[in-house]
Each structure stands twice: as structure tokens, then as C-alpha cells.
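2 protein chains.
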Amino acid sequence: MRNAFHDQLDAVFDDLATICGQVETAVTDATAALFDADADKAERVISADVEIDHARERVEDNALALLSLQAPVAGDLRVVVAALRMVSELERMGDLSVHVAKIARLRTPNRAVPDQAHATISQMAQVAEAMVRRAGEVIRTRDVDAAAELRASDEDMDRLRRTSFTELLAQDWQAGVEAAVDVALLGRYYERIADHAVSVANRVVFVVTGEYPATV
Amino acid sequence: MRNAFHDQLDAVFDDLATICGQVETAVTDATAALFDADADKAERVISADVEIDHARERVEDNALALLSLQAPVAGDLRVVVAALRMVSELERMGDLSVHVAKIARLRTPNRAVPDQAHATISQMAQVAEAMVRRAGEVIRTRDVDAAAELRASDEDMDRLRRTSFTELLAQDWQAGVEAAVDVALLGRYYERIADHAVSVANRVVFVVTGEYPATV
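In order, the protein sequences belong to chains V and L. To convert, note that position 91 of the first sequence is 91 in our numbering; the numbers rise steadily by one, no gaps. To convert, note that position 88 of the second sequence is 88 in our numbering; the numbers rise steadily by one, no gaps.
Treat the hints with caution; some may be incorrect.
Same chains, same names: a pair is fine if it fits in one copy or spans any two.
Derived SDA-like pairs: lysine to any residue, alpha-carbon spacing no greater than 25 Å straight-line [as the list claims (entries may be wrong)]: (1) Lys102 with Gln126; (2) Lys41 with Val98; (3) Lys41 with His6; (4) Lys41 with Phe206; (5) Lys41 with Phe13; (6) Lys102 with Gln171; (7) Lys41 with Phe5; (8) Lys41 with Ala146; (9) Lys102 with Ala55; (10) Lys102 with Ala39; (11) Lys102 with Glu149; (12) Lys102 with Arg188; (13) Lys41 with Ala170; (14) Lys102 with Arg151; (15) Lys41 with Leu64; (16) Lys102 with Ala152; (17) Lys102 with Arg161; (18) Lys102 with Val207.
These are calculated hints, taken from the structure and not from any lab test.
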């Protein structure tokens, strides 16, 4: 029974890694759509999100089948619940990518991000993409040290978020209210993607060690 | 065994209703802090959030104990998983109230919301509060019709969100970039509180009927 449980659990984690790859594509494409003012690419991110939603449903069904058929005890039970939480967070990261893509689509043929905010928002996007990619590696390798690096990257994200606010609230902000609102919301979406990436990695740490990192 | 399961499940739902009450207080107090520019009240919302977090942990422990001791089969299993999701959403609604309180605190002794945005943001806050209160009633009464009303309120929220964007992007917006950013983020937070309230109510519908409403 134990082996059957762990084989099925591995299959659930393989699916989580696949979904994390889909989320990575969504974040990368949404960012490209944003900076290239590419309405077609934005549209593809928005329409591809349904695939992430369906993949989430499959993982949930498999995890529930696992609970039902194997009736795992306390420790293993928490692992399955952690997997259910991870898939919810991955789905949410996909939704946030859609929000980025929708801002890109709304402003085409113009770029939503004005020159004055370009460097910081571009860095936020890069940090978020790197964190999603790293979260996928953590799911695949169950590497607890890599999860700790992800938490460090989140501090970079927090710093960039503060920089972004400083920029758009500075006296010399020239790009107007609409661009400021777009930049504030984009910053919020990338920050949330990063938060979820950390949370996913922390859940992998829990699966491996039986404890959440102290910083959660 | 079936009765023991359902008694324990009722206890989990009683706890969920209590947490929803704490969230309602958080939303109401955060809104009061915002419109009265009351730093002390904002501080209390921020520091009280740890109680919601602890309550979430208790519900999770009880739900996992239920899974472990009663080993429910497919249908009941999904009900317990729905309860776990609900408590995560309630915790998140508490976090969003904290975000509102932090904007209130940041701008005191001034009010974060300028006169030009007051009516719409105030309505968003009222709709969000009413939706949280209604979600609590849905948890307590398991009233499927009340859950449908909640979904209708969410359409009011979407309409208010669009009105808010129209206001702050209008040519006659006089309150500047900082206020626009605050209003955009506050709108986002209230909108997300409302989304979660709908989701909590939809999960109650699932618990009662075995199916999620078609609009989810």
C-alpha cells in the first residue's frame, strides 16, 4: 500500500511540475505581450488559461482518488493536502498572468508601461519569471536549498515593488494617472505571482521535511 | 461512523462561520479606518489578523483529523476538501482587509480616498462588507438561495469597479497620481474580498448539493 501511495503521489507531483511549466509560459508570454504591445500574444495567454484550469481539475481528481483509495494517515494526508494547495496556487498564478495580458491588450497599440517605469517593471517581470521557473525545479527535484533561494528572490521583488512606488509617486512622474494605475496594478500582479511561487516552494519543503520553513 | 463524521463536520462549519465573523469585523474596521483616517483602528485590524491565521490553523487541524480518523469516502472527502479551501479563502480575505488598513495607516492624518472617489469606493466597501456578512449566513444556514444572491452582488461590485476606473481616468481627476494609485489598489482589494465571498458561498452550495453552481 505504501508504494502504491508514493507512486501515485509522484504522478501528482509530475502533473504539478507540468502545470508550473504552463504557468511559466503564461508569465513569459504575458510579459512579452506587455512590452511588445502584442495584442495577439496577449489574446493567446488569455485563451490558454483554460488549459491550466483543466489541468488543475485533473490534479485535484487524482489527489482525491489518492485520498479515497489509499486512506493515508496523518503525515501522508498533509502531503496530499499540500499538493491540493499547490495546484490552487499555480492556477492563481495563471489567472494573474491573464490580468497582465489584459492590461497589455487594453493599451495596444500603445505600451501600457511608460519609459519611466520600464526598467523596474521589466525587472519585476524577470524576477517573477525566474521564480516560477525555479518553483518548477523545486517541484521536480524536491531540492530544499533551491526553495530557500526562492525566498531570497522574493526580497528582491519586495525591493522592486518599493522602487516602483517611489518612481510613480515622484514629482517628476510624467506619464499621467492612467499609466500610474497600470503600473501599480502590474506591480501588484507580479508581486502576487512571486508570493505564490514562494508558497509553492515552501510546500515542497513541507513535503520533504515535514515542516514549513520558519519564514512562512 | 457516519454520525460522528457529520457531527465533526458541523463543528468545522461552526468554526468557519466564526472566522467569517472575524473577517467581517476586519473588513468593517479597515473601511472605518480608511474613511475616518483612524491610524489606531488601522493598527488594530493589522494586529488582529494573527487571530484569523491561528483560527485557520485550528480548522485545518480539525479537518485533517476528520480525514484521518473517519477516512471519508469520495463525496464526504470532497466536502472536507471544500472546507479546507474555504478557510484558506477566509484567511486571504483577512489579509486583504489588512492591505486596506495599511493604505489607511500610510496616509493618516489625511484620508487616502479623495472626495472625487469617495462615493464609489465607499459603495464598494459596503458591498464587500455585506457580501462577507452574507457569506457567513450561507455558512451557518447552508441556504443555497442566499448563495445565489451573493453572486448577484458580485455583479454590483464589478460595475462599481468599472465606475471607479472611469472616475480616476477621467480628464477632470484632480487628486493626483498618489490618490489614483491608492484608489486603484483599494478597488482591487475590495473586488478580491467580494470574489472570495462568492467562492466561499459557492463551496457551501457544493457541500449541500454536491455540485458547484454553473457560474463558477
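Now the hints, each set against the structure:
1. For the identical chains of this complex, lysine 102 and glutamine 126 are intra-copy neighbours only, at 19 Å inside a copy versus 27 Å across copies, given an alpha-carbon limit of 25 Å.
2. For the identical chains of this complex, lysine 41 and valine 98 are intra-copy neighbours only, at 11 Å inside a copy versus 35 Å across copies, given an alpha-carbon limit of 25 Å.
3. In this homomeric assembly, lysine 41 and histidine 6 never come within 25 Å of each other (Cα to Cα): the closest approach is 39 Å inside a single copy and 49 Å across copies.
4. In this assembly of identical chains, the alpha carbons of lysine 41 and phenylalanine 206 never lie at most 25 Å apart, being 36 Å within a copy and 36 Å across copies at closest.
5. In this assembly of identical chains, lysine 41 and phenylalanine 13 lie within 25 Å of each other by CA distance neither inside one copy nor across copies; the values are 29 Å within and 44 Å between.
6. In this assembly of identical chains, the alpha carbons of lysine 102 and glutamine 171 lie at most 25 Å apart only when taken from different copies (23 Å versus 29 Å within one copy).
7. In this homomeric assembly, lysine 41 and phenylalanine 5 never come within 25 Å of each other (Cα to Cα): the closest approach is 41 Å inside a single copy and 49 Å across copies.
8. Neither within a single protomer nor between protomers do lysine 41 and alanine 146 lie at most 25 Å apart by alpha-carbon distance, with minima of 31 Å and 40 Å respectively.
9. For the identical chains of this complex, lysine 102 and alanine 55 are intra-copy neighbours only, at 22 Å inside a copy versus 36 Å across copies, given an alpha-carbon limit of 25 Å.
10. When the C-alpha separation of lysine 102 and alanine 39 is checked against a cutoff of 25 Å, the pair qualifies only within one copy, where the shortest distance is 9 Å, while the shortest distance between copies is 35 Å.
11. In this homomeric assembly, lysine 102 and glutamate 149 never come within 25 Å of each other (Cα to Cα): the closest approach is 30 Å inside a single copy and 28 Å across copies.
12. Taking identical chains as interchangeable, the C-alpha atoms of lysine 102 and arginine 188 lie at most 25 Å apart whether they share a chain (14 Å) or sit on different chains (15 Å).
13. With identical chains, the CA atoms of lysine 41 and alanine 170 are never at most 25 Å apart, being 32 Å at best within one copy and 29 Å at best between copies.
14. For a Cα distance limit of 25 Å, the shortest separation of lysine 102 from arginine 151 across copies, 23 Å, qualifies, whereas the shortest one inside one copy, 28 Å, does not.
15. Within a single copy, lysine 41 and leucine 64 get their C-alpha atoms no closer than 35 Å, and across copies no closer than 43 Å, so neither meets the 25 Å cut-off.
16. Taking the shortest alpha-carbon separations for lysine 102 and alanine 152, only the inter-copy value of 24 Å comes in at or below 25 Å, while the best intra-copy value is 29 Å.
17. Within a single copy, lysine 102 and arginine 161 get their C-alpha atoms as close as 20 Å, and across copies as close as 15 Å, so both meet the 25 Å cut-off.
18. In the homo-oligomer, the alpha carbons of lysine 102 and valine 207 never lie at most 25 Å apart, since the shortest distance is 35 Å inside one protomer and 33 Å across protomers.
Checked against the numbered hints listed earlier, the structure breaks hints 3, 4, 5, 7, 8, 11, 13, 15, 18; every other hint is satisfied.
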